[in-house]
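Colleague: Following the hints, put chain A in place on chain E, whose structure we already have.
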Amino acid sequence: MKNAVREYRTDADMSQADLAAAVDVSRQTINSIERERYDPSLELALKLADHFDCLVEDLFELDETD
Amino acid sequence: MFGLTTTDDTDPLATRRRDRRLFGGLIGAAMLAFFTLDFVGRPIVAVLAYWACVAAAVVVLYRSDAMMDERDRALERIASHRAVLAVGAALIVLSPGISALSAADVYDATPFVDGVLFGWLALFVVWTGTYGVTRLQR
Numbered sequence: 248m249k250n251a252v253r254e255y256r257t258d259a260d261m262s263q264a265d266l267a268a269a270v271d272v273s274r275q276t277i278n279s280i281e282r283e284r285y286d287p288s289l290e291l292a293l294k295l296a297d298h299f300d301c302l303v304e305d306l307f308e309l310d311e312t313d
Numbered sequence: 241m242f243g244l245t246t247t248d249d250t251d252p253l254a255t256r257r258r259d260r261r262l263f264g265g266l267i268g269a270a271m272l273a274f275f276t277l278d279f280v281g282r283p284i285v286a287v288l289a290y291w292a293c294v295a296a297a298v299v300v301l302y303r304s305d306a307m308m309d310e311r312d313r314a315l316e317r318i319a320s321h322r323a324v325l326a327v328g329a330a331l332i333v334l335s336p337g338i339s340a341l342s343a344a345d346v347y348d349a350t351p352f353v354d355g356v357l358f359g360w361l362a363l364f365v366v367w368t369g370t371y372g373v374t375r376l377q378r
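Here the protein sequences come in this chain order: E and A. First residue of the first sequence? That's 248 in the numbering used here, and the numbers climb one at a time after it. First residue of the second sequence? That's 241 in the numbering used here, and the numbers climb one at a time after it.
Next comes chain E alone, as it looks inside the complex:
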């Protein structure tokens, strides 16, 4: 799954640690999501979308391998 978490985070001028604290996960989890090595749960995807005030589809998108 592709995602735009890094773009949204940098646009919001937040560090990975800031975002991790905001959605209650570890900084390593945010890093893994941004590197597309970990697909978050639906709950975390919704939290991230809520945090950035966007749709989940704006943040995450299926790629050809999904």
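Note that these hints are calculated values from the structure, not bench results. Beta carbons are placed, not taken as given, at the ideal position from N, Cα and C, and that holds for glycine. There could be a bad hint or two in this list.
[Stated by the list, open to error] Stretches of chain E that chain A covers, calculated by requiring three or more beta carbons in the stretch to come under 8 Å of a beta carbon on chain A:
#, stretch
1, 270-276
2, 292-305
[As the list claims (entries may be wrong)] Cut-off 20 Å, straight-line C-alpha distance, at most; resulting in silico cross-link-like pairs (EDC-like, lysine to aspartate or glutamate):
#, chain 1, residue 1, chain 2, residue 2
3, E, 294, E, 265
4, E, 249, E, 311
5, E, 294, A, 312
6, E, 249, E, 310
7, E, 294, A, 310
8, E, 294, E, 311
9, E, 249, E, 300
10, E, 294, E, 271
11, E, 249, A, 310
12, E, 249, E, 297
13, E, 294, A, 251
14, E, 294, E, 260
15, E, 249, E, 305
16, E, 294, E, 283
17, E, 294, A, 305
[As the list claims (entries may be wrong)] From the structure, some residues in chain E lie toward chain A, with a derived Cβ separation under 10 Å:
#, residue
18, 251
19, 261
20, 279
Modeller: Frame of chain E, contents of chain A only:
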């Protein structure tokens, strides 16, 4: 001062670090207490101290909301799955293989090897039971 950092209770990342360090410290203390007290000839006290430290670590693990997040739990699931697969593959190959070698008088398994195979088999029995119960619950 002296390299110590303060923990801000409102910062979940700081709480996570603190709880992880506490958990690791308690497990380390359990091992240290066990081996030290056993070494100085106090085996019963060693076991009691070990149990006390491990119990405290378990309390930290279950009371902490911050120690593990969903990625940690996902990693744990993947690692458990791979471990069961690896043990299963080894059991499928080794168990009948050793029996055949023993029947052909080529190799007799030592009690240690028998114990390892029995332990792996017991793991699968426990896994099957746990899977059945979990399936009934979901």
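Colleague: Can you name, in rising order, the numbers of the hints this structure does not satisfy?
Modeller: 2, 8, 18 and 19
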